[in-house]
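Undergrad: When you get a sec, could you build the whole thing from the sequences and use the hints?
Going down the list, the sequences are from chains A and B.
Going by the numbering used here, the residue at position 79 of the first sequence is 79; the numbering climbs one at a time, nothing skipped.
Going by the numbering used here, the residue at position 136 of the second sequence is 136; the numbering climbs one at a time, nothing skipped.
Derived from the structure by calculation, the hints contain no laboratory data.
All the pointers check out, no bait thrown in.
Listed below are the simulated DMTMM-like cross-link pairs for lysine to aspartate or glutamate, each with C-alpha atoms no more than 25 Å apart in a straight line:
| # | chain 1 | residue 1 | chain 2 | residue 2 |
| --- | --- | --- | --- | --- |
| 1 | A | K48 | B | D37 |
| 2 | A | K59 | B | E23 |
| 3 | A | K94 | A | E29 |
Predicted, not measured: the structure shown is a model, and the values here were computed from it.
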Amino acid sequence: MANSKTEPEGRLPLTPAVFHVLLALAGGERHGYAIMQEVAESTGGQIKLGPGTLYGTVKRLLAAQLIEESDERPDPHLDDDRRRYYRLTGVGEKVVRAEAQRYADIVKLARGKKLIPKPA
Amino acid sequence: MLAASRTVYGWLLQAYPPTHRAEYGPAMAQLFRDQSDDAWTESGGWGLLKLWLRVVPDLIKTSIVERFAALSERKSMPDKIASLVQPRTVFLRIFMAVFLLSVTLSVIITNILPETYASTATVRLENDQPSKNYDPYFIQTQFEVIQSPSVLNRVIDRLKLNVQWGKKYFAGETLKSTETMEILKGRLSLRPIGNSALVGITCYSDDRVEAASIANGIATAYRDYREESRIESGSAMPQRALVQITDRAEPGIKPVRPNKTTDVVMGAIWGIVLASVIGGVSVLVVLGLRKRRTSKMTAG
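TA: Right under this line is the structure:
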């Protein structure tokens, strides 16, 4: 029997902060400020991660091996080379896919109950 | 202001446990720098204030979470835990952190808030129907008259407030009189003076001269309105004017808001209350953790 913690579904549901950070990193590796901006933009400004929440989430995601720190550094002329970049691990990608699918199932259920309209 | 904010945030990072601070402190400080740059570029001091109002609860919540996470990570070192989780030590540390945070925040807010000046014109009211019995509602009725469109529209027209406030607050777009009146009412305060027929008309503004000219404008407009109403109603001329401006408003020397001393003292008082509550809750959590650990050791 598979350990529920080793399966992506065993780690669900994710907290909104964790899900949005993973979603931001699904678009490629990013540093903290870029993650914060991406989350604010994708949620229409509804979720604005503070430094404490962002780096607390990053710390837990690193510990859970859902993300990893990238060794690559940007060109110092283009960006601050002290910035730390993060990217999804293979497991992280599976988990964010599973969570997105879970949301999709919920949306499907809500549509079935006519709580939200069907897409045109 | 930006530099001061960054320095204060750097100090506040002390609220996090040393390991977390060593690992993520510089990155958090850098993120705050980026956010404060954005907030300042977007809305100046107001943007910075909004950022602080978001960052402080985030800092309090996450620093407590990280402190407890750090404690639970050290469960394998019983001696260290024993020294770290002394309820008194926990209470004092959290109390000091929350108290300092509250005082620092009140100092920042009181320095960021725009200054407001107040000017008061004093008028003496006479009842235009002195033959009638004493009217206990006379002053309240006159307060409503002073705040009515009949009086305030005169002030708006005479001082050209639709244009002036449009330029000042709405990027040059001339306001409608109804909009200006709402703003004006929000800046107006009426107060009977003691047990007399005198009423203070106080106006608040970020411009000391404007505060005085609006207070005087309202007093004059109200006086004119009462005189015109009397002529229109054809009532007999009384010996005295119905409204006498006894003191004209003068521009204030010092702003009435923010009152920096009061704000900081209030911040300190709230800090003590908040710090006691959070410190108390933290002690209860620590005692709960110790009890659980003792039970586990006993069971083991």
